[in-house]
Amino acid sequence: MKLQVLAERLGCRLEGDGALDIERVAGIEKAGPSDLTFFANTKYAAALRATRAGAVILGERAEAAPCAMLRTANPYFAFAKAMEIFADPWTPPAGVHARALVGAGCDIAVDASIGAYAVIGDGVRIGARTIVHPQVVIGRHAIVGDDCVIHARVSIRERVALGSRVVVQDGAVIGSDGYGFARDADGGHYKIPQVGDVVIEDDVEIGANTTIDRPAVGETRIGAGAKIDNLVQIAHGVSVGRRSLLAAQVGIAGSTTLEESVTLAGQVGVAGHLTIGKGTVATAQTGIPNSVEPGSLISGYPAIDNRDWLKASAVFKKLPQLRRTLADLERRLAELEARAGLRDEH
Amino acid sequence: MKLQVLAERLGCRLEGDGALDIERVAGIEKAGPSDLTFFANTKYAAALRATRAGAVILGERAEAAPCAMLRTANPYFAFAKAMEIFADPWTPPAGVHARALVGAGCDIAVDASIGAYAVIGDGVRIGARTIVHPQVVIGRHAIVGDDCVIHARVSIRERVALGSRVVVQDGAVIGSDGYGFARDADGGHYKIPQVGDVVIEDDVEIGANTTIDRPAVGETRIGAGAKIDNLVQIAHGVSVGRRSLLAAQVGIAGSTTLEESVTLAGQVGVAGHLTIGKGTVATAQTGIPNSVEPGSLISGYPAIDNRDWLKASAVFKKLPQLRRTLADLERRLAELEARAGLRDEH
Amino acid sequence: MKLQVLAERLGCRLEGDGALDIERVAGIEKAGPSDLTFFANTKYAAALRATRAGAVILGERAEAAPCAMLRTANPYFAFAKAMEIFADPWTPPAGVHARALVGAGCDIAVDASIGAYAVIGDGVRIGARTIVHPQVVIGRHAIVGDDCVIHARVSIRERVALGSRVVVQDGAVIGSDGYGFARDADGGHYKIPQVGDVVIEDDVEIGANTTIDRPAVGETRIGAGAKIDNLVQIAHGVSVGRRSLLAAQVGIAGSTTLEESVTLAGQVGVAGHLTIGKGTVATAQTGIPNSVEPGSLISGYPAIDNRDWLKASAVFKKLPQLRRTLADLERRLAELEARAGLRDEH
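Protein chains in written order, with numbering that gives the first Met the number 0: chain F, 0 to 345; chain L, 0 to 345; chain D, 0 to 345.
Just so you know, not all the hints are guaranteed correct.
In silico contact screen, one side only, chain F against chain D (beta carbon under 8 Å); selected entries [unchecked claim]: (1) 86; (2) 168; (3) 170; (4) 208; (5) 229; (6) 230; (7) 266; (8) 319; (9) 322; (10) 328; (11) 332; (12) 336.
Label pairs and their in silico Cβ distance ranges [claimed, not checked]: (13) D:304 <-> L:186: 22 to 32 Å; (14) D:304 <-> F:341: 40 to 50 Å; (15) F:127 <-> D:304: 25 to 35 Å; (16) D:59 <-> F:42: 22 to 32 Å; (17) D:97 <-> L:186: 41 to 51 Å; (18) D:304 <-> L:324: 21 to 31 Å; (19) L:186 <-> D:121: 36 to 46 Å; (20) F:310 <-> L:10: 18 to 28 Å; (21) D:306 <-> F:274: 22 to 32 Å; (22) L:42 <-> D:296: 37 to 47 Å.
Here are the simulated EDC-like cross-link-like pairs (lysine to aspartate or glutamate), alpha carbons at most 16 Å apart as the crow flies [as the list claims (entries may be wrong)]: (23) F:317 <-> D:307; (24) L:277 <-> L:258; (25) D:316 <-> L:146; (26) L:277 <-> L:292; (27) F:316 <-> F:334; (28) F:42 <-> F:62; (29) L:190 <-> D:201; (30) D:190 <-> F:146; (31) D:317 <-> L:307; (32) D:316 <-> L:304; (33) L:190 <-> D:146; (34) F:29 <-> D:218; (35) L:316 <-> F:307; (36) D:190 <-> F:304; (37) L:1 <-> L:14; (38) D:29 <-> L:218; (39) F:190 <-> L:83; (40) F:317 <-> D:201.
Worth flagging that the hints you see were computed from the coordinates, not collected in a lab. Since this is a predicted model, take the numbers as computed values, not measurements. C-beta atoms are modelled at their ideal positions from N, C-alpha and C, and glycine is treated no differently.
Model the full structure from these sequences, guided by the hints.
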């Protein structure tokens, strides 16, 4: 594609040779003369100067690059759009595969695609243009909206409801039984039937092998536009606010609410029955035992303000030295006290 | 169902109108006039006072609610029983699905249900009333007891043995190869065949996408009544004591033994070759590098007594202030010493 | 098998009765008179003295055992070889199962085995003697080398390339979409198509339910001989050096490079865009926010030198006492100052 055409399609301002043929998008260090690359992270400033790319997407005020430039206010977004243009357009054919199994009373859009060995329970609804890859299992009376992509080997359990444009990566489980047991008279753990609802709103993405449990009563809900990475655990009755971002291996215990636009970095854990305020950001591995005010930036275990945590962590590694200093002061003080006749000299 | 009938079936003492028709069980905040709810966590005392439920299950000494009441010594257990009464009774039909595959020499109970695209290896035994959902893979000579529920897309590898009333959520893997390698002469890691046993005793529940490895020799064992949440890792040769509770994303390294009734909260990690004493409780994200005495309550990384950890954590965030105080004392002490002629004034 | 024959096959020096019949390999505590066991961890010295095994593999200089001995410089490696000799030789038959589905233009070795309900996309290549277990899904134009074992219910996504002798445990996902989104003008998260490559080199093992993402551009690469345990998360664009060892539940964020022979113990987390130097070892639950020099031994969160961390952790639990000591010194110092007329007495 001519760079000029690409610039127009991406809404970028072209600086350089619009006649250049672009064949693909590539990383800044690997890109060659017929590649388009992008510059959105200042960490890669040296790489930008050295790039052999044919053209680069970059910000309006970024330093000039040694190649043609596509300038825009939001280079990362333009990069996403460029990726779309060059991505393999293949999709599986519409229709139900001869080796898929569809239950009674289902309502499957004619332009939806149901892959081989998928098992669709009774009364399931699947929306327009939705792609269900091979070996997905969808339980009775579940609903999947329009334009969803359900990758291979996903479980969508009975009565789970997905909105539109939801993407679910391979192996994810939506609607498994919550971890709910009542202590019986004998001291054992008696299973509480987990038959509540799970609602996944529009534009959500759910990562590979992530698990989202259903509650006994009420619902587990993932708000519109939330993006959940791989191997994340969402327990029964959790509510994840719209546009929240949950990185890989995050775990959220039962009945906790994340308000809108909460960001949890990798391996963060959140205890049950809490409210995490709107816009809260928790850095990687943070452990959150209590509710958090909106707009917080927190770290550590137990979680505290990020700035306090950074400062305390800097002191932490000097603790042995602090202890020695303290012991030294104590000795010197005792000596002074003895001089002053306040205490016996040792 | 009439509330009077429900009270009798649940063994609760009725206070209020036994003629009330109850249609379902609902959460305390969402319940309406034809709903039964429950009160078992004092956190929800205000919600109890405000509930619009038709009836509530609650403790013998709980404050009176603004609706009919079912009183019992164990409200959470009565709630579990009520959930059973109202749960969807649907189960898949008995028999082997036409699109399942069953190997040679299997012994599958006539009232067991084997779902579509399940693959059952040679010599497998499956007990009475057990439900194997679609796309489960069961390896050669594995045994599954009576009244088990194996949800979709579970792997039960060769020679694994499950007791009765075991529930396995979607995507769990039981009997995968343990992570065992021997350093070879060349510095590489040589795979040690992992062909030992995995035994899952009666009444165990295993969460979605949880993994339980088999050892090279000996066995991995999950004791009766243990409940394991989602995304938990049980390494080769681990023994989990009966009635233990492992919350989501817990990891237990090889050859470690948990004694009876150990509780590990979310994201806890336990090193290998340890013994965790009976009744030990570890709070969320605890890292356990050493064996633990029975009855311990531990926290932190490395794990220490929970009370000590709470106190030390409270000081942790004040470390920068402590360091400043220490520097101040040092300066003042030096001044006093100089006065006393003990040290030179700076 | 006669012990004499076994000694020869394992390249061990026999001390004892070579006519002994060995039937299997067993753990040191469970082994009986016709079992071979091994001793490679000094923790089990008492068990060695008490063993009832018929024979034991042990080091050249290990204490004598109360049974026949197979001595070798590398007992753990000899144990691995012994396990191979006694392991069940069963493998699934070669050929494509009648209930598997193979796409157009595939090149599947005649002696490869493709299991029931496996779905192989168009243009896939599968090498000699490779075993693909039931319900594996392999995407279009993926490549699997020779002598691989792909266990049941694995996803190998489109265009992923596996080398030879790669072992993938059940439920693992290779090539799922990386977690990449661009903020759009509206504040939402716009999906960046993740269409880059994933390369798994020779002799890699990938654990059960582990997830390895593909990037938007460039590649995710797992170096030759790396061994990855269960439930590990490898984000888009990560490079794992050859012979690295990643224990269970490790998470590595996007674009990070592990150099050769890095060892990450269980639940370690590594932030994105870092370089972890050759031979680095991180102990369990370590959180790594910055690049690490080769040969480091690190612990803690944020990660510091292991020795410093051990010392600081030992002081951590005494923080309440330290604070009390500090307050006491402050009081005593004020008293001295007052005496010296430097400060007012309180």
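Per-residue hint verdict: residue 168 (chain F), partner chain D, C-beta under 8 Å: At about 4 Å, which falls below the 8 Å cut-off, the nearest Cβ of chain D leaves the hint on residue 168 (chain F) intact, so it holds.
Hint status (Cβ of residue 332 (chain F) to nearest Cβ of chain D, threshold 8 Å): holds, 6 Å
Given hint residue 218 (chain L) paired with residue 29 (chain D) - CA-CA distance at most 16 Å: holds, 10 Å
Restraint status (C-alpha distance of residue 190 (chain L) to residue 146 (chain D) at most 16 Å): Measuring from Cα to Cα gives roughly 14 Å; hence the hint holds.
CB-CB spacing for residue 324 (chain L) and residue 304 (chain D) relative to the 21 to 31 Å hint: holds, 27 Å
Given hint residue 83 (chain L) paired with residue 190 (chain F) - CA-CA distance at most 16 Å: holds, 9 Å
Given hint residue 328 (chain F) near chain D, where the shortest CB pair must fall under 8 Å: With Cβ-Cβ at 6 Å, under 8 Å, it holds.
Residue 317 (chain D) paired with residue 307 (chain L) [C-alpha distance capped at 16 Å]: holds, 8 Å
Hinted contact residue 230 (chain F) with chain D - closest CB pair below 8 Å: holds, 5 Å
Agreement of residue 42 (chain F) and residue 62 (chain F) with the hint, judged by alpha carbon distance not exceeding 16 Å: holds, 13 Å
Given hint residue 218 (chain D) paired with residue 29 (chain F) - CA-CA distance at most 16 Å: holds, 10 Å
Hinted pair residue 316 (chain F) and residue 334 (chain F), Cα distance within 16 Å: Given that 16 Å is the threshold and the Cα spacing comes to 29 Å, the pair is violated.
Consistency with the previously given hints fails for numbers 15, 16, 20, 21, 25, 27, 36, 40, ordered from lowest to highest.
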